[in-house]
Structure formats: structure tokens, C-alpha cells
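Chains as they are written, first to last, in the working numbering: chain A, 3 to 503; chain B, 27 to 351.
These are computed hints drawn from the structure, not numbers from a lab.
One or more of the hints may lead you astray.
[What the hints assert, rightly or not] In silico SDA-like cross-links for lysine to any residue, where the CA-CA straight-line distance does not exceed 25 Å: (1) A:Lys340 - B:Ala149; (2) A:Lys358 - B:Ser185; (3) A:Lys358 - B:Phe244; (4) A:Lys305 - B:Ile242; (5) A:Lys340 - B:Ala300; (6) A:Lys358 - B:Gly154; (7) A:Lys358 - B:Tyr218; (8) A:Lys340 - B:Pro232; (9) A:Lys417 - B:Asn241; (10) A:Lys358 - B:Gly213; (11) A:Lys68 - A:Asn8; (12) A:Lys115 - A:Glu86; (13) A:Lys358 - B:Pro232; (14) A:Lys340 - B:Arg220; (15) A:Lys340 - B:Ile242; (16) A:Lys340 - B:Arg155; (17) A:Lys340 - B:Ser293; (18) A:Lys305 - B:Asn241; (19) A:Lys358 - B:Asn157; (20) A:Lys305 - B:Ala149; (21) A:Lys305 - B:Ser293; (22) A:Lys340 - B:Gly213; (23) A:Lys417 - A:Thr491; (24) A:Lys340 - B:Ile294; (25) A:Lys305 - B:Pro232; (26) A:Lys358 - B:Ile150; (27) A:Lys305 - B:Leu79; (28) A:Lys305 - B:Ala217; (29) A:Lys340 - B:Ile150; (30) A:Lys358 - B:Arg220; (31) A:Lys305 - B:Asn157; (32) A:Lys305 - B:Gly154; (33) A:Lys358 - B:Thr219; (34) A:Lys358 - B:Ile214.
[To be verified] Restraint ranges, calculated between C-beta atoms of paired labels, are given here: (35) B:Ile68 - A:Arg93: 53 to 59 Å; (36) A:Arg371 - B:Leu163: 39 to 45 Å; (37) B:Leu163 - A:Gly316: 41 to 47 Å.
In this text, a Cβ means the ideal position worked out from N, Cα and C, and glycines have one as well.
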Amino acid sequence: MLELQNIEKAYGPARVLDGVTLLARPGQIHAVLGENGAGKSTLVKIAAGLVRPDAGLVAVNGDPLKAFTPRAAREAGVEIVTQELTSVPARTVLENVFLGHRVVAVGSVQRSKHARQRFAEVCEECGFSLPGDAIAADLSIADRQILEVLRCLIRRPKVLILDEPTSSLDEERAHRLRVLLRRLSDAGTTVLFISHFLNEVLETADWVTVLRDGRLISSGPTEEETEASLINKMVGRTLSVLYAPKTLPPAEAETVLEANDIWWGSAVRGVSLHVRRGEIVGLAGLIGAGRSEFARCLVGAAKPDRGTVRIAGGPPIRPRNPRRAISAGLVMVPEDRKQQGLVLGRSVAENLALSKPQTSGHLGFALPRRLEDAARDWIRRADIRPASPAAVVGELSGGNQQKVLLSKWLACGPKILIVDEPTRGVDVGAKAAIHEMLAQAAASGVGVLLISSELEELLGLAHRIVVFRKGEVVDEVEGEASERERIMTAAFGAAGMGADE
Amino acid sequence: MSDVTAPEQPQEVTPTRGPRIRATRDLGIVVFLVGIFAALAIAAPSFRTSGNLSNIVNQMSMQGIAACGATLTIVSGGFDLSQGSVYAFCAILSVMLVHTFGVLGAFVIAVLAGLGLGAINGAIIALGRVNSFIATLATSYVFLGFATVITQGNVATTSNQNFMVMNNTYGLTVASWVFIAIAVLLGILLAYTRFGRGLYAIGGNPEAARLSGINISFYRIAVFSISGACAGAAGIIAASQAGSADSSIGSTLALLAIASSVVGGVSILGGQGAVWRAVVGALILELINNGFVLLNLNPVYEDVVFGLLVLLAVGMDQLLRRRRT
Ligand SMILES: Nc1ncnc2c1ncn2[C@@H]1O[C@H](COP(=O)(O)OP(=O)(O)OP(=O)(O)O)[C@@H](O)[C@H]1O
Ligand SMILES: [Mg+2]
């Protein structure tokens, strides 16, 4: 049982949590909902001893935590999977899983039979397995998420907290994780999770707590809620989450991006496709199907082994570095905002200005005031909160960081926009806003290539959907809801649903 | 529980948050500087004389110039440990060339040599993908070797009177003015230009910077060239003040420059800092030095005090930064 009583927290003058009380019982899956910046992550970090509250009490099974340190929380049986990945990239899966664990007193975890056995047991129990000797940095973002879950489970927690655990998983892995949570909960673990997927919350959770602006809005059984009632509580008004009808590009719209037989290692195997002006092309597939790698090849973030790209009617080129693509009008919003997207220690204004074409040369003046003025416009359009251009990006909530990332690239005025998981971790309202931004960009003539693990998002936005499997294009369909089954079948291949890759 | 339009509220208060926090962050080290200044002014009457104050600026000009260059490298996520060797090399070069090329010619060639050595560092780091700490540690030996070779292990001297530009102009020495000019120039470069923004981005997150279309190799080479040129300029000043130079003169410079930046509050992790911080840091270190002389303290303890004050300054800065979280 996890109890949080009257938790208060402020960062400087900004009140983040204002007397929040929450009770999560064993045998019950407890979901926490709220807009971006509502204070959800801060709340669960306090429960796990990662952040010290200004006031309030945290108790596990009735015993208050001795101190607000990760160690005290861990000793009390609380484990957390944080929103941002925290594995050590250069070390192996095993070393990461046993980081700070006492299983091996001296010597290498890698060589400990006991550690390996324990790891195998946990993998077996939870239905996810990872190669113990793989280097964490080489794993896909989904596998790194699974790694974090394994790292918690190895300690057999009494309270397991997961902050947006499914945001970087594909539908199949997300489903397996939900099954796992149910099993843990039935076995008596207290499970608390944060999610922006309302259907997931309604399906999985027994109890749901809604926060808004750091205050508790409601806490009650999930049966009493509907998607609409939850949205109303989260944003304080009703909101349509339906996709607007698509504007089709004119039939004679010219091709703005043409990829020809792109190869990259074993991840991308001879992919060709084209995007027309004003068209949104969706890339469907499982995580690890090579969609992100393909996109990285297009902009030159990775150098393809073979193949050419034609940007905006230019000559076919072999992409070498992102600079060339950007100046030709091809930009990519990367999937990993923390590693690849943002300079976390700098301000919103500076991040927004980062990728603007370097027209005035290196010595061009970039006065902070002018950057901030330029940023205000985007802050308003993308509804970035807090609405301060000088705010340090690393201190924004996850969803707001995502909005900064997207705005940064839209601010360059691209001709072709590649977006890789653009709504990862954003709340319902912001998600609708981002969808609107993408649809608008397309309507104004930008060619959009959309990678998403959410089939709904692809079906709702894309005019055409290209399906990837194991680095190859296996199917191409119209973006119609009726194509759902066909896309799934193509993505999973002949082996059918449930098979792991 | 029932306020319906709540999301609008916090936006009204927050816009001033960033700048205000920045102001308190800045304060720490400046308060420390003013503290030392006041303490010395009270304890040693001779401290306040204009002669002593201008002497302080003159004394610190060499490490100050080096520290300004070091700040740019540190902000961009690197270290330049070869500054001391470049300093010695350029000092020797200027002394040796003054016969043939005259004072101005010797100075220009020596600064260009510093720039060139820095560019070599930058090229090794950017194109060879070598960690800057290791690369400049290695080149610091190589460059020092060059310096020893051209003097054949001797002290290079000159009797050219014009070479010793010690004369005061508007109350400060030429060296001091050069230092001030470089500090202002690099300060503007880092804080107000696109180039400067790029350095912060590279230091903060190199991968994000690369994907944003920033030419990282160019920036690395440029920043190490600037660092080398700064070390060269500092070396020339040292040579001109002494009228001689040998290969041992720069042995402490690189670490002193890094220490100045760090004391001033430049983050060694990269991505944070400013040139004025390096100036404040260098000034604090110089004041400690000056205090020992004026107060007739036993110089044996100077290094200990020096180290402790560095810790104190950094600790105080950390404390002020942490308080807001
Ligand atoms: N270290 C920090 N310094 C200053 N402000 C912070 C810090 N961490 C969080 N905040 C602020 O606290 C508020 C709540 O952040 P939190 O991360 O808890 O939101 P969240 O509900 O998890 O949002 P999301 O759904 O986007 O992840 C935000 O306004 C954020 O800017
Ligand atoms: Mg969060």
C-alpha cells in the first residue's frame, strides 16, 4: 500500500503540487492522469524518494519513509520506472539490471552465475526477455524501456510505479506489459502508473486519480469514468479528440521526396518510397522494423550504405549529413527528444532557434532578446507551458519538451517534414494540437512523413500508409480505418499476432 | 476542485521566472569577489592605491586571456590542456623573431602560430574523433618539445627596448588593455552571436546539435584555434614583460585557466557558462595572490589557501544553484 498525504512542492515561485493526497492499495492498479505539467511525474518521484517535497508524508504499508532519498524508498519496497530512461548506456543489460543491487559483492556481474540465473528467472516470470550481454545503448528505445521494468522487478517491489511506461512501446509490447501489471497486481503488488492513453487507463486500471495544475481533482473507481469524463476532469472543459477530416493533396501535386533503394546495415533493406506536396504518408510497423533508421538515412543522420534521395526536385544524392538535408528543406523530428532532439540545459528560446538555417553566417548576431521574441510566437502556437522563452528546457514536463521539439523543426519552414513518434508523452489536448499542426503543415503544402506506433494516429492523419517489416516495405494502403486489419497482418507477417518480431 | 478555467492561471506568473533565477545564480560568485575585495581593502591600506589596482589587472592579464579562451572550449564540451605549451612556444617565438621582423611582425606571427597550433588540436579532436582531454594532453608535450627545440633548451632573450611594452596608457598597461579587449570580444562572441549559441548547443548535447545541422567539426576547430590564439597572445605579453622566455614558463597556465573559469562558475560539464565568469574567476585568484604579498603572509601557505578558496567559491556557487530546487 502506498500513501501520499498532503504533498506540496514548489520550484521557485511555481507551485507544482498543492496538497495532493493519494492512496494506492495492493491488488489494485492505480492510474494517475493529468495534462502535461500537471505534476504527475513530480508526485511519483516524491513517492520514490527522487524529489524532496516541501511538505507532506509518504508511507508504505503504513510506515512513513525514513527519508526522502531513493535508498530509503527502495528499502521500503518502492521501485520506479521514470519517464526519462535512466539506464547507463555504455554498460550491458545485466550490469544495468543489477546496478546498485547487492547480488554480486565483488567481481563482475557478467560472470556471476547467480545473477544470470536471477535475471533469467525474472525474464521468465514477466514474459519479456532481453539479451543479458547486449550493451544498453544498442537496444531499441522499446527494449530500453523493458530494461527499466526488469531492473525494478529484480528487486521484487512492494510498490511498483511506472511513469508513462507504454509511451515508447508498440501495441503488442504495451499489451504484454499491461498483462504483466495485472498479474503483479493480482499477486499483491501495489501498481501505480501514469499514462496519456485514456483507453489504456480505462481498460487496465481499477482506480484512477486525476491531477490538474498540481491539485487533486478526483480519485475513484475506473468503472465510474468514461473517456469524456476523464478529459473533462483533466482539462476542465470538453474537448473533441476526433480527427478532423483529411484534406487530400491535389492530384497533380508534385513529388517532394523520393527515396530510391535505401540500404543501411541489416535494418533497412532496399526501401523506396515517395511523398508528394501536401501529402501525409504514414509508416506503420513494429518497433525495430527499421522505420526510424530509414528516416535517419533520408536526412543523413545515418549514412546509408546504398541508395539515393531526391529532395524537392533536386538531383538524387546520397545523404551524408543533416546540414545538407536541412538546407534543402528536409527536416526530421527525432524520436528521442532527450538524446537527439533538445539541448536540455539551455532555454526554450535557444532550442527553438537551434536549427534555423544559418543564413546570416556564424558571426550573425543572435541577441537573446530577439531569440526570445521569436520564441514567443511558437510558445503560443504550440501552447508550451510555462509560457516563458527563458525557461530551461530540461525543467519542462515531458510533454512540453515534446512541443518544443516539434516547434523547433516547424520553425525552419521545411518543405518536407519527417516526424518520428511526434506525440510521445503528450496529453490529449496537446496531442490534438500536434495533430492539428501536422495537418496544417500538410495543407500548406509540406510533404509529411509520419512514423507512429499508434495505429489510430496513422489512420487518423495519413493519406497513405506504408507498412514496414524487418527493414522492408511489405504493403501500402490508403489511410482508411477499414485497413486496420490489413496493416496489422502485414506488420506482423505470416507468423501472425503474438509472435515476437 | 471545481475551478473550470484553471489552466490559464500559472501562465501569468511564470514568464519572469527564468531571468529572476538567472540573476540569483549569477550573484554567488560576484558576492564572493566583492567580499574578498572588501576584506583586502580593510586589511591592507596599500591595496586601494591605484598603482596596486592597475598592477593587479596587469598581473592577471595573461592568465585572464588564457581563461577567456579556455571558457569557450569548456562551454563547447572540451578541455585545452595544451595552452601552457602554446604559451611558452609563442613567447619564445616572439622573442626570437623580433630581430628579423620587428616588434609588430613578431607579435602577429606569434599569435598566428598560436592559432595554428590550436587548429591542429581542433583538427585532431574533430576529424580524428579523439577526446579533447587526451588529445591536448598529448599535443602539450609535442608543442613543449617544439619550444625546447627552437631554443635548444636555453633561455631566449632580446635587448630590443620597444619589445618591452610596459608603458601605461590611460592608467593601465598595454597588456591590461589587450586583456580587456579580448575579454569583451570573446564575451560578445559567446553571448550574442550564432557562433556562441552553437557552442552552447554542442557542449549541451552534441548529437542534437549535429542533427540540427550544426557543423560540429568546424566549431571544434574554431574553438581550439581561438584557445590557441589566446594562449599565444598571453605568451607574447609574458615575453614582452620579461624580455625573455624559456620553455618552462607555461607549466601552470592551462590548469590555472581552467581553474579561473570553474571558480567563476563555468560548468566543466559543458553547455553552461560565460566569459565574464572566467574574468571574475581569474580576478579572484589574482586577489588571493595579491593579498599574500600585501599582508606579508608566508607564501608557503599560498597554495593551500588558494585551493581551499577555489573549493569554497565552487561550493558556494553550487549551494546557490541548488537552493531553488
Ligand atoms: N527540476 C525542475 N525545476 C523547475 N521546474 C520543474 C522541475 N521539474 C518539473 N518542473 C515543473 O513542474 C511542473 C510539473 O512537472 P511534471 O514533470 O511533474 O509534469 P507531468 O504531469 O509529469 O507532465 P507530463 O505529462 O508532460 O510528463 C512543470 O510545470 C515543470 O515545468
Ligand atoms: Mg511526466
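Verification of the supplied hints:
{"no.": "1", "hint": "A:Lys340 - B:Ala149", "in the structure": "28 Å, violated"}
{"no.": "2", "hint": "A:Lys358 - B:Ser185", "in the structure": "54 Å, violated"}
{"no.": "3", "hint": "A:Lys358 - B:Phe244", "in the structure": "17 Å, holds"}
{"no.": "4", "hint": "A:Lys305 - B:Ile242", "in the structure": "17 Å, holds"}
{"no.": "5", "hint": "A:Lys340 - B:Ala300", "in the structure": "24 Å, holds"}
{"no.": "6", "hint": "A:Lys358 - B:Gly154", "in the structure": "28 Å, violated"}
{"no.": "7", "hint": "A:Lys358 - B:Tyr218", "in the structure": "16 Å, holds"}
{"no.": "8", "hint": "A:Lys340 - B:Pro232", "in the structure": "11 Å, holds"}
{"no.": "9", "hint": "A:Lys417 - B:Asn241", "in the structure": "21 Å, holds"}
{"no.": "10", "hint": "A:Lys358 - B:Gly213", "in the structure": "23 Å, holds"}
{"no.": "11", "hint": "A:Lys68 - A:Asn8", "in the structure": "17 Å, holds"}
{"no.": "12", "hint": "A:Lys115 - A:Glu86", "in the structure": "31 Å, violated"}
{"no.": "13", "hint": "A:Lys358 - B:Pro232", "in the structure": "17 Å, holds"}
{"no.": "14", "hint": "A:Lys340 - B:Arg220", "in the structure": "22 Å, holds"}
{"no.": "15", "hint": "A:Lys340 - B:Ile242", "in the structure": "19 Å, holds"}
{"no.": "16", "hint": "A:Lys340 - B:Arg155", "in the structure": "23 Å, holds"}
{"no.": "17", "hint": "A:Lys340 - B:Ser293", "in the structure": "20 Å, holds"}
{"no.": "18", "hint": "A:Lys305 - B:Asn241", "in the structure": "16 Å, holds"}
{"no.": "19", "hint": "A:Lys358 - B:Asn157", "in the structure": "29 Å, violated"}
{"no.": "20", "hint": "A:Lys305 - B:Ala149", "in the structure": "22 Å, holds"}
{"no.": "21", "hint": "A:Lys305 - B:Ser293", "in the structure": "33 Å, violated"}
{"no.": "22", "hint": "A:Lys340 - B:Gly213", "in the structure": "29 Å, violated"}
{"no.": "23", "hint": "A:Lys417 - A:Thr491", "in the structure": "33 Å, violated"}
{"no.": "24", "hint": "A:Lys340 - B:Ile294", "in the structure": "20 Å, holds"}
{"no.": "25", "hint": "A:Lys305 - B:Pro232", "in the structure": "18 Å, holds"}
{"no.": "26", "hint": "A:Lys358 - B:Ile150", "in the structure": "29 Å, violated"}
{"no.": "27", "hint": "A:Lys305 - B:Leu79", "in the structure": "57 Å, violated"}
{"no.": "28", "hint": "A:Lys305 - B:Ala217", "in the structure": "34 Å, violated"}
{"no.": "29", "hint": "A:Lys340 - B:Ile150", "in the structure": "28 Å, violated"}
{"no.": "30", "hint": "A:Lys358 - B:Arg220", "in the structure": "10 Å, holds"}
{"no.": "31", "hint": "A:Lys305 - B:Asn157", "in the structure": "23 Å, holds"}
{"no.": "32", "hint": "A:Lys305 - B:Gly154", "in the structure": "18 Å, holds"}
{"no.": "33", "hint": "A:Lys358 - B:Thr219", "in the structure": "14 Å, holds"}
{"no.": "34", "hint": "A:Lys358 - B:Ile214", "in the structure": "21 Å, holds"}
{"no.": "35", "hint": "B:Ile68 - A:Arg93: 53 to 59 Å", "in the structure": "54 Å, holds"}
{"no.": "36", "hint": "A:Arg371 - B:Leu163: 39 to 45 Å", "in the structure": "40 Å, holds"}
{"no.": "37", "hint": "B:Leu163 - A:Gly316: 41 to 47 Å", "in the structure": "44 Å, holds"}
When held up to the earlier numbered hints, the structure conflicts with 1, 2, 6, 12, 19, 21, 22, 23, 26, 27, 28, 29 and fits the remainder.
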